[in-house]
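Student: Construct all of the structure, not just a fragment, from the sequences and the given hints.
There are 4 protein chains.
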Amino acid sequence: VRVVLGANRYGKAEVRLVRLDRDTPHHEIHDLTVDVALAGDLDAVHLAGDNTNVLPTDTQKNTVFAFARDGVSPIEEFALRLARHFVATPSIGRARVRVREHAWRRIHDHAFERAAGTRLASAYVTGRTEGGTESVVGGVVDLTMLKSTGSEFQGFLRDRYTTLEPTSDRVLATDVDARWRFAAPPDDWDSVHAAAKDALLTAFAGTHSRSLQQTLYAMGEAVLRARPELCEVRLALPNKHHFLVDLAPFGLDNPGEVFYAVDRPYGLIEGTVRRDDAPPEPDGHDW
Amino acid sequence: VRVVLGANRYGKAEVRLVRLDRDTPHHEIHDLTVDVALAGDLDAVHLAGDNTNVLPTDTQKNTVFAFARDGVSPIEEFALRLARHFVATPSIGRARVRVREHAWRRIHDHAFERAAGTRLASAYVTGRTEGGTESVVGGVVDLTMLKSTGSEFQGFLRDRYTTLEPTSDRVLATDVDARWRFAAPPDDWDSVHAAAKDALLTAFAGTHSRSLQQTLYAMGEAVLRARPELCEVRLALPNKHHFLVDLAPFGLDNPGEVFYAVDRPYGLIEGTVRRDDAPPEPDGHDW
Amino acid sequence: VRVVLGANRYGKAEVRLVRLDRDTPHHEIHDLTVDVALAGDLDAVHLAGDNTNVLPTDTQKNTVFAFARDGVSPIEEFALRLARHFVATPSIGRARVRVREHAWRRIHDHAFERAAGTRLASAYVTGRTEGGTESVVGGVVDLTMLKSTGSEFQGFLRDRYTTLEPTSDRVLATDVDARWRFAAPPDDWDSVHAAAKDALLTAFAGTHSRSLQQTLYAMGEAVLRARPELCEVRLALPNKHHFLVDLAPFGLDNPGEVFYAVDRPYGLIEGTVRRDDAPPEPDGHDW
Amino acid sequence: VRVVLGANRYGKAEVRLVRLDRDTPHHEIHDLTVDVALAGDLDAVHLAGDNTNVLPTDTQKNTVFAFARDGVSPIEEFALRLARHFVATPSIGRARVRVREHAWRRIHDHAFERAAGTRLASAYVTGRTEGGTESVVGGVVDLTMLKSTGSEFQGFLRDRYTTLEPTSDRVLATDVDARWRFAAPPDDWDSVHAAAKDALLTAFAGTHSRSLQQTLYAMGEAVLRARPELCEVRLALPNKHHFLVDLAPFGLDNPGEVFYAVDRPYGLIEGTVRRDDAPPEPDGHDW
Numbered sequence: 613v614r615v616v617l618g619a620n621r622y623g624k625a626e627v628r629l630v631r632l633d634r635d636t637p638h639h640e641i642h643d644l645t646v647d648v649a650l651a652g653d654l655d656a657v658h659l660a661g662d663n664t665n666v667l668p669t670d671t672q673k674n675t676v677f678a679f680a681r682d683g684v685s686p687i688e689e690f691a692l693r694l695a696r697h698f699v700a701t702p703s704i705g706r707a708r709v710r711v712r713e714h715a716w717r718r719i720h721d722h723a724f725e726r727a728a729g730t731r732l733a734s735a736y737v738t739g740r741t742e743g744g745t746e747s748v749v750g751g752v753v754d755l756t757m758l759k760s761t762g763s764e765f766q767g768f769l770r771d772r773y774t775t776l777e778p779t780s781d782r783v784l785a786t787d788v789d790a791r792w793r794f795a796a797p798p799d800d801w802d803s804v805h806a807a808a809k810d811a812l813l814t815a816f817a818g819t820h821s822r823s824l825q826q827t828l829y830a831m832g833e834a835v836l837r838a839r840p841e842l843c844e845v846r847l848a849l850p851n852k853h854h855f856l857v858d859l860a861p862f863g864l865d866n867p868g869e870v871f872y873a874v875d876r877p878y879g880l881i882e883g884t885v886r887r888d889d890a891p892p893e894p895d896g897h898d899w
Numbered sequence: 613v614r615v616v617l618g619a620n621r622y623g624k625a626e627v628r629l630v631r632l633d634r635d636t637p638h639h640e641i642h643d644l645t646v647d648v649a650l651a652g653d654l655d656a657v658h659l660a661g662d663n664t665n666v667l668p669t670d671t672q673k674n675t676v677f678a679f680a681r682d683g684v685s686p687i688e689e690f691a692l693r694l695a696r697h698f699v700a701t702p703s704i705g706r707a708r709v710r711v712r713e714h715a716w717r718r719i720h721d722h723a724f725e726r727a728a729g730t731r732l733a734s735a736y737v738t739g740r741t742e743g744g745t746e747s748v749v750g751g752v753v754d755l756t757m758l759k760s761t762g763s764e765f766q767g768f769l770r771d772r773y774t775t776l777e778p779t780s781d782r783v784l785a786t787d788v789d790a791r792w793r794f795a796a797p798p799d800d801w802d803s804v805h806a807a808a809k810d811a812l813l814t815a816f817a818g819t820h821s822r823s824l825q826q827t828l829y830a831m832g833e834a835v836l837r838a839r840p841e842l843c844e845v846r847l848a849l850p851n852k853h854h855f856l857v858d859l860a861p862f863g864l865d866n867p868g869e870v871f872y873a874v875d876r877p878y879g880l881i882e883g884t885v886r887r888d889d890a891p892p893e894p895d896g897h898d899w
Numbered sequence: 613v614r615v616v617l618g619a620n621r622y623g624k625a626e627v628r629l630v631r632l633d634r635d636t637p638h639h640e641i642h643d644l645t646v647d648v649a650l651a652g653d654l655d656a657v658h659l660a661g662d663n664t665n666v667l668p669t670d671t672q673k674n675t676v677f678a679f680a681r682d683g684v685s686p687i688e689e690f691a692l693r694l695a696r697h698f699v700a701t702p703s704i705g706r707a708r709v710r711v712r713e714h715a716w717r718r719i720h721d722h723a724f725e726r727a728a729g730t731r732l733a734s735a736y737v738t739g740r741t742e743g744g745t746e747s748v749v750g751g752v753v754d755l756t757m758l759k760s761t762g763s764e765f766q767g768f769l770r771d772r773y774t775t776l777e778p779t780s781d782r783v784l785a786t787d788v789d790a791r792w793r794f795a796a797p798p799d800d801w802d803s804v805h806a807a808a809k810d811a812l813l814t815a816f817a818g819t820h821s822r823s824l825q826q827t828l829y830a831m832g833e834a835v836l837r838a839r840p841e842l843c844e845v846r847l848a849l850p851n852k853h854h855f856l857v858d859l860a861p862f863g864l865d866n867p868g869e870v871f872y873a874v875d876r877p878y879g880l881i882e883g884t885v886r887r888d889d890a891p892p893e894p895d896g897h898d899w
Numbered sequence: 613v614r615v616v617l618g619a620n621r622y623g624k625a626e627v628r629l630v631r632l633d634r635d636t637p638h639h640e641i642h643d644l645t646v647d648v649a650l651a652g653d654l655d656a657v658h659l660a661g662d663n664t665n666v667l668p669t670d671t672q673k674n675t676v677f678a679f680a681r682d683g684v685s686p687i688e689e690f691a692l693r694l695a696r697h698f699v700a701t702p703s704i705g706r707a708r709v710r711v712r713e714h715a716w717r718r719i720h721d722h723a724f725e726r727a728a729g730t731r732l733a734s735a736y737v738t739g740r741t742e743g744g745t746e747s748v749v750g751g752v753v754d755l756t757m758l759k760s761t762g763s764e765f766q767g768f769l770r771d772r773y774t775t776l777e778p779t780s781d782r783v784l785a786t787d788v789d790a791r792w793r794f795a796a797p798p799d800d801w802d803s804v805h806a807a808a809k810d811a812l813l814t815a816f817a818g819t820h821s822r823s824l825q826q827t828l829y830a831m832g833e834a835v836l837r838a839r840p841e842l843c844e845v846r847l848a849l850p851n852k853h854h855f856l857v858d859l860a861p862f863g864l865d866n867p868g869e870v871f872y873a874v875d876r877p878y879g880l881i882e883g884t885v886r887r888d889d890a891p892p893e894p895d896g897h898d899w
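Protein chains in written order, with the working numbering: chain A, 613 to 899; chain B, 613 to 899; chain C, 613 to 899; chain D, 613 to 899.
Just so you know, nobody snuck in bad clues.
You can't tell identical chains apart in this list, so a pair holds if it fits in one copy or across any two.
With a cut-off of at most 25 Å between alpha-carbon atoms, the simulated DMTMM-like pairs for lysine to aspartate or glutamate come out as follows:
#	residue 1	residue 2
1	Lys809	Asp888
2	Lys852	Asp655
3	Lys852	Asp754
4	Lys809	Glu746
5	Lys852	Asp670
Treat the hints as calculated values from the structure; they're not laboratory data.
Tutor: Structure follows, in structure tokens:
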């Protein structure tokens, strides 16, 4: 039997980079974690340990820092600039650069407090011989939301292992991982990001939820309707369970006030919402 | 040789509790993690496995939930109520109840987004036979701050292992763990908390820092000067290093703009600041 | 423009289950984390909040526990039994059940110590109307290995951002994530697992490494050659960097003895090795 | 009111260091995380930002690496050597150096697999003007153990919040944090460590447990009886709950076989066991 090499890629992961912009009256801060993954003509290194075509991951890290000299914001553009650069290397046919930007809030002229929520951008670029395509994804991760009412779960399928009681009013909480694909580069990446994030929050808060799946779809649809530049949204929403505590053994009622929050297990709802005219995406982009 | 039992305690740790207040037009949310630690007449259980005096940790958890029925805010009071209850058990002489409250920001009538920063309260109460004392500590943890200028480090001691260059302008970043002891119960726990936290932020941002030790002392002093109810502040400040990247190999300068953020190792500065008339604290309170 | 639902699935994640087998002279322990993900006829719940076809994730959790009554080992079979059960539900067309088994080492008749390394199994089953296919993957994760010699990295591509020096002797360390697909169910899942894991360790230790890519391919090939039941191996190998410390400023040499271990960034090498006669896999199995 | 500086210290935390010993036929590996904390004449830096007496934490890190050139094993000695060095600095009166050694298991001549369990050592040394004392602590952390039988919990105190049922046979699991103080330096640190760890395991496995407190005391006593060089043991044992799953709703019994493992909350049992002739310890050593 013959053994062969299949899909492969390599890169530097979790480059931690802080960029200060000092040419404004008040400094700006951009705090990033960057992941690079490259693929190309890499059979020789796998099969024979021949590194001729291998751009070291150390070089990739250096490149991230050097490119940061010219600015890193908006991160969708920074990811694109880096990915385009990497595929200009002859042996590198495909580059995926993913950037997470950690939020800070200004508390004083030049002082900041770390805030919740992370903006994400991922650019996937193929070299000329592989089609010369570009695909950009934006998103938010580490965004935790909770509704204290306006959520129910009933009418579900029951089998012999079902013990769950239907509920007409529950706490709904989730850590949003939402990523959206651009049909084409927008004029203003920041305004698209702001509009998409706002649509997510509004849809989560405003949808009377019969299930987390329904909320997921509503959030995805809201993002797509908010900005025509976006054509596809992928969401992963853990259902962070909050169970009502039974206080009856202590002679107390519990009218929806005292809950215990459970870490594991959790529900996990994943789904894609897209426009029916979404352009195709080049193969190989893991958002 | 004789082997003897020394200091000991036990309890339930990390009880995760969410309390919704529903009697206001817009719900309020309080998201807590509670740790209980009890000590007392516990020789028999250690030496002979005799559980007669052992209030189960499961009961302690139940008690936390039951007490939450009457509200959990401010957390300093919730911790006190619980600690007083536990020392009413004859075999329990000392109780420490520590509560962390995780921040949420309202995004809609009944919808919330998790925010950065955690409020902390710790109450230590001894039973009548152990003096009947009460000690309360408040604080903040998980508060990450960064200054992009106004920080230097020079004039330090050098020995044969010193290679560090002095710097007149560096990035200063830290995860604040700040805890303050109350000299006496205040009229309004919330306003003390707000004033103390504000003092921390203002001192961090406003102090021209020659060292993180100096900043630590300034932060502690600011907290004490902000509120006379507070008599002692303990701070633990990691120095989260941000190193300027050398871009010269790539033909670029780097005028304080591109940094790499390092996870480990980190400096760790710990210190206490107190009023010289601070009342003594009962033995045994680990804040 | 029309917005439509794309790929989606849901399930219960991270069910923590410990199974004791007591019918042997010495108890056996199996410590599992189980993830379930189901897909099927789920448009109505996303588009209209109609839960008729939704088997609750709570029920999925119950099912995992109930099935554990009949044993959980080997985990490849446990995952298959669960996945087959779920697709017997009419509205559920596809089920992926992933199981991680955390290692324990016996220290006494009925006492155990947690050990390093986690065994993984993932079964993907489609219902009759979707082809009735079955795909099983095994593997190991959380397996950290290090070679203190026999690893070099030189002859690599250089560009204007390259500063790395070639090395003929470096420390090579990685956290192995290795997963292998079964061409067909074997007679004995445990013996395949043992042989595949042994092949991984031997190939890592025994390959003189010119790059981590070469080591990755050697590890994958060794697994495939060890057992004909396996047809495809996917590996993700972080390059956990250990940098030689420059002790010259202190008047000391460092002949490959003192290293600092860096958390981030790290290289990440991912690749697939397969037999050229590997049978196709049903769409949709995320290993 | 006057504000004053209280207890304080500073240092470099989490220095990650790997030491290879190459002068044996097969390399030896020592994988350490080192924390340094120094105290002394540091008022000026806190009050006025005067760094004259401040040995930089960067220098402390360099020192750790430089001292590693002469070997790092046994870690109790390495910690002592470092602490003695630091208090030779005139402004530094007290040094605590804590070392954790992460376990590796040889899988081949020069290849290793990471194993569970971490050895700990902590040396606390005061300078001549502060008494010139030395205190050494050893221990183990990250050691997870489980007994599948031989553990009960009954006869406990009940109050109005107690709902727990007594049990005569439960799963007992814990993550051991055990630290022991040396009365005097032993001839052979490694053999004391091995004997103490073995005593812990044997006592955990061999004690029929009526409560985790009883097991804790038995473990501490076993350590002290194993080696006369040790005079005090401190243990922190979380009670990692494993709850029997009720399978009755599915028509199944559950004779002690299927459990769910809960992350939070957990019991936490802390205690000290000492010889009654234990010498006093210098103030200020946080083990």
